[in-house]
Amino acid sequence: MAIDFNIMAGGEAGQGVQSVGMILAKAMAHGGLHVFADQDYESRVRGGHNFFRIRASDRDVLALSEELDILVALNKETIGLHSNELKSNGVIIYDQEQTKVDVQGGIYFNVPLAKLAEEKAKNKLMTNTVAVGAAAGLAGYDFNILASVLRNEFARHGEKIAEDNVVAAKAGFDFALEYGAQKLSQKIKPTSGNNKRMLLHGNEAIALGAMVGGCKFIAGYPMTPATSILEYIADKGRQYSAVAVHVEDEISAMNMAVGAGYAGARAMVATSGGGFCLMVEGLALAGMTETPVVVVLGQRPGPATGLPTRTEQGELWFALHAGHGEFPRAILAPATAEEAFYAMIKAFNLAEKYQTPVLVLTDHHLATSYATVERFDLKAVKIDRGELISDEESSRLNDYKRHLVTESGISPRALPGQGKALVVTDSDEHDEAGHMIEDGETRNQQNLKRLRKQDSLKAEIGSPKLHKTRNAEFTLIGWGSTYGAIREAADLLKKDGMPVNVLHISEIWPFPAEAISSALSKGTKSIVIESNATAQMANLIRRETGYKVNGTILKYDGRPFSPQEIVDRMKKEVT
Amino acid sequence: MVTVKDYAESIPIAWCPGCGNFAILQALRKALVELKTEPHQVLFVSGIGQAPKLPHYMQGNVFNGLHGRTLPAATGAKIANHELIVIGIDGDGGAYGEGVGHLLAAMRRNVNITYMAHNNQVYGLTKGQASPTSDLGFVTRTTPLGAGQPANPLALALSSDVSFLARGFAGDVEHLSELLKMGIEHRGFSLIDILQPCVSFNHKNTYQWYRERVYKLEDEGYDPGDKIGAFAKAQEWGDRIPIGLIYSKERPVYEEQLPALKKGPLVKQKIDPLQFEALLDEFM
Chain A
58 MAIDFNIMAG
68 GEAGQGVQSV
78 GMILAKAMAH
88 GGLHVFADQD
98 YESRVRGGHN
108 FFRIRASDRD
118 VLALSEELDI
128 LVALNKETIG
138 LHSNELKSNG
148 VIIYDQEQTK
158 VDVQGGIYFN
168 VPLAKLAEEK
178 AKNKLMTNTV
188 AVGAAAGLAG
198 YDFNILASVL
208 RNEFARHGEK
218 IAEDNVVAAK
228 AGFDFALEYG
238 AQKLSQKIKP
248 TSGNNKRMLL
258 HGNEAIALGA
268 MVGGCKFIAG
278 YPMTPATSIL
288 EYIADKGRQY
298 SAVAVHVEDE
308 ISAMNMAVGA
318 GYAGARAMVA
328 TSGGGFCLMV
338 EGLALAGMTE
348 TPVVVVLGQR
358 PGPATGLPTR
368 TEQGELWFAL
378 HAGHGEFPRA
388 ILAPATAEEA
398 FYAMIKAFNL
408 AEKYQTPVLV
418 LTDHHLATSY
428 ATVERFDLKA
438 VKIDRGELIS
448 DEESSRLNDY
458 KRHLVTESGI
468 SPRALPGQGK
478 ALVVTDSDEH
488 DEAGHMIEDG
498 ETRNQQNLKR
508 LRKQDSLKAE
518 IGSPKLHKTR
528 NAEFTLIGWG
538 STYGAIREAA
548 DLLKKDGMPV
558 NVLHISEIWP
568 FPAEAISSAL
578 SKGTKSIVIE
588 SNATAQMANL
598 IRRETGYKVN
608 GTILKYDGRP
618 FSPQEIVDRM
628 KKEVT
Chain B
226 MVTVKDYAES
236 IPIAWCPGCG
246 NFAILQALRK
256 ALVELKTEPH
266 QVLFVSGIGQ
276 APKLPHYMQG
286 NVFNGLHGRT
296 LPAATGAKIA
306 NHELIVIGID
316 GDGGAYGEGV
326 GHLLAAMRRN
336 VNITYMAHNN
346 QVYGLTKGQA
356 SPTSDLGFVT
366 RTTPLGAGQP
376 ANPLALALSS
386 DVSFLARGFA
396 GDVEHLSELL
406 KMGIEHRGFS
416 LIDILQPCVS
426 FNHKNTYQWY
436 RERVYKLEDE
446 GYDPGDKIGA
456 FAKAQEWGDR
466 IPIGLIYSKE
476 RPVYEEQLPA
486 LKKGPLVKQK
496 IDPLQFEALL
506 DEFM
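Chains A and B, in that order, give the protein sequences. Residue numbers for the first sequence follow the numbering used here, so the first one is 58 and each next one is one higher. Residue numbers for the second sequence follow the numbering used here, so the first one is 226 and each next one is one higher.
No incorrect hints appear here.
Here are the computed lysine to any residue pairs in the SDA-like style, where the Cα-Cα straight-line distance is at most 20 Å: (1) K230/B to K261/B; (2) K458/A to E489/A; (3) K293/A to K488/B; (4) K293/A to P484/B; (5) K293/A to Q500/B; (6) K244/A to D115/A; (7) K436/A to Q500/B; (8) K230/B to N455/A; (9) K157/A to E175/A; (10) K293/A to A503/B; (11) K253/A to M509/B; (12) K493/B to I440/A; (13) K429/B to L370/B; (14) K441/B to V398/B; (15) K488/B to D448/A; (16) K458/A to E486/A; (17) K246/A to M509/B; (18) K487/B to Y297/A; (19) K477/A to D231/B; (20) K458/A to S235/B; (21) K436/A to D506/B; (22) K582/A to K605/A.
To be clear, the hints were calculated from the coordinates, so they are not data collected in a lab.
Start from the sequences and build out the full structure, keeping to the hints where you can.
If you want it as structure tokens, here you go:
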């Protein structure tokens with residue numbers, strides 16, 4: 058029987074909700090299951106309400122389901138807020154004494170988490186580990202897999218702590234077997250599938266993709282949801298030769314990355330909308346000086362500070378038009394963690410090949426959601442640095458023109474200090490040699506040269522993914538992180554007798570207008586589904602193809618789409 | 226053997242006749258030649274204004290970026306290739322106005338960059354508005370009521386424990402050139418504030434005005450290692466104006482602390498995707 062199991066852990070910030078979730082998620086992944094998980098947290102360090110949701114399945118899962126099999130409630134509020142998300146045969150694990158909840162009924166399973174931690178592991182701090190064990194026990198999962206994950210996770214704290222955690226988990230596991238075995242009929246078993254998948258969130262995939270793609274420099278100022286990218290490269294860069302500079306502001310971050318890019322290091326910034334606002338002048342600087350730079354824009358709801366720990370796709374048009382003046386750019390919007398990894402490598406290649414900024418547009422949902430992915434194939438990674446002049450050539454050049462006008466618009470690129478070539482560039486309009494000019498003819502030549510790069514850049518943009526279903530009446534169109542929810546919604550709609558196609562755009566600019574036009578001319582009704590209030594992609598499609606979509610499903614409350622929500626709204630709003 | 230001719234401009238210079246920038250340009254060429262530095266070894270980074278045009282009138286690598294953002298761009302380039310001699314060039318608007326936050330951060334960070342702030346106490350490029358260092362009450366079209374309290378760049382730099390601080394005068398090329406040499410040779414960030422007469426828009430702080438006031442610290446047995454004494458000198462402005470080395474202190478240099486640079490400049494390190502297998506393992 059197919060496995061599709063959903064667990065949520067909820068509690069206050071600081072209660073360890075995320076570690077409960079991560080250990081369970083890893084245990085599932087190590088059992089060969091596909092996992093999708095996300096976290097929902099508030100803009101605060103203590104208190105409030107946080108939860109971590111995990112979905113595990115024997116088939117590839119791309120989104121969360123709304124119905125829970127197990128709810129691990131570390132506090133009373135979790136029960137109040139989420140018990141309605143439980144399946145009719147689901148179970149809530151809670152500690153009656155700790156949560157001071159007095160409830161009755163088949164769905165409640167009182168596990169003395171704190172007491173077991175104290176008695177068995179002699180450490181009340183391991184209360185959460187007891188809860189992990191209880192959830193695994195209730196679900197009938199393999200304890201040995203869980204134990205190995207715990208040993209791995211706690212190894213850095215020493216063997217005693219690691220073993221005590223195993224004891225704590227076992228206490229919860231055994232308790233669940235003894236008193237709760239009949240509570241939950243649906244079980245989750247390890248599968249014979251690949252148990253060597255990676256489990257990582259979108260930002261980890263981005264940071265990893267950046268480093269694998271040769272990123273040597275990142276400058277940044279912490280801002281949700283991009284912070285963990287800077288942190289990851291700061292940490293791993295020490296060993297893997299990348300520098301992360303925590304700067305005074307985002308203006309500095311962008312200009313610093315452009316400086317590093319000019320000098321020849323693959324350089325990037327990662328920020329959210331507010332930080333990107335400060336970077337915009339520097340983005341145009343990269344365009345004008347033809348400097349490669351990669352910008353990760355992790356969207357969250359705006360305007361201004363908005364909802365800092367929530368998700369939105371409200372900056373598509375901002376990304377498209379950010380920067381004064383006209384210059385070429387590419388925009389990639391990966392749909393999944395796996396795509397995010399490869400998108401970063403592509404972004405660095407395009408930035409160097411076309412000597413212009415490349416934006417990778419993500420959002421809070423993609424940045425913070427975990428997914429199992431097949432191990433990345435490093436051998437398949439291709440680094441293309443474009444028309445970079447060799448050291449030997451550079452040592453011979455004594456009349457180098459950084460902005461030489463060429464047919465493709467791409468000028469062979471020397472690096473400062475590489476040889477005798479003097480690399481001169483200017484944020485002012487400049488001549489081929491890089492010196493500032495005033496005359497109109499030179500301006501036109503340089504402006505057109507830069508813009509010509511956009512033509513060949515266009516050919517690099519991949520076509521949208523088209524998933525067809527026989528007899529489809531609708532084509533659901535999405536971009537970026539909504540992919541999982543839309544794909545799963547399509548499966549659910551098919552079961553409900555409403556077959557739909559899915560057209561998903563992961564590479565946005567230069568706009569793949571021909572591919573989209575041809576996909577949309579097939580006679581289905583087109584519905585754009587996106588996380589914003591103004592239908593930015595629907596409008597972009599109209600602008601670029603002339604095609605007016607038949608409808609939109611928009612969401613802008615800061616929460617990601619769920620598959621069921623799309624199904625419900627398709628039925629209610631569209632048909 | 227590198228000579229001043231190797232640094233000669235290749236395009237016409239667009240400064241006003243008599244501009245203090247000519248003398249600064251001359252001092253910088255002289256300093257680089259005396260340090261036996263070849264143009265391709267140097268990167269000039271500048272922002273916007275009359276002073277930031279200077280790199281175009283030199284020979285070298287040039288990144289002429291945005292107004293006030295010279296130091297971030299210079300920092301990025303220096304970290305990417307720390308073998309380059311990086312010299313930042315701005316006016317008082319870029320250095321002490323638009324870019325002052327970056328200046329504070331750069332002084333704290335202590336990247337090995339030499340930063341020349343051509344301080345003429347007025348905006349030249351935009352034609353005569355007050356600058357952050359204009360004297361109190363300086364009337365311009367944007368400040369008809371007179372400019373407010375001037376910034377004190379020297380005191381500001383000292384408060385960040387800048388590792389090298391000097392003030393030069395465009396009317397004394399020899400002396401300025403020596404200060405530039407010291408700044409370039411200094412390990413860490415060096416700020417060189419340069420008193421620069423503006424013949425078009427500042428009719429108060431003229432060559433004559435400065436000549437009557439400036440004196441050299443080294444002639445007075447001054448100790449540039451004494452931070453309190455340096456603060457005292459930073460307050461002197463009026464009848465006597467000190468020039469020379471104000472403060473110098475050995476501090477850890479930012480890029481020398483970076484483990485990623487131990488194997489050489491980032492730009493010379495090979496990109497090798499296959500080295501990351503162990504990082505993938507961490508997500509298993």
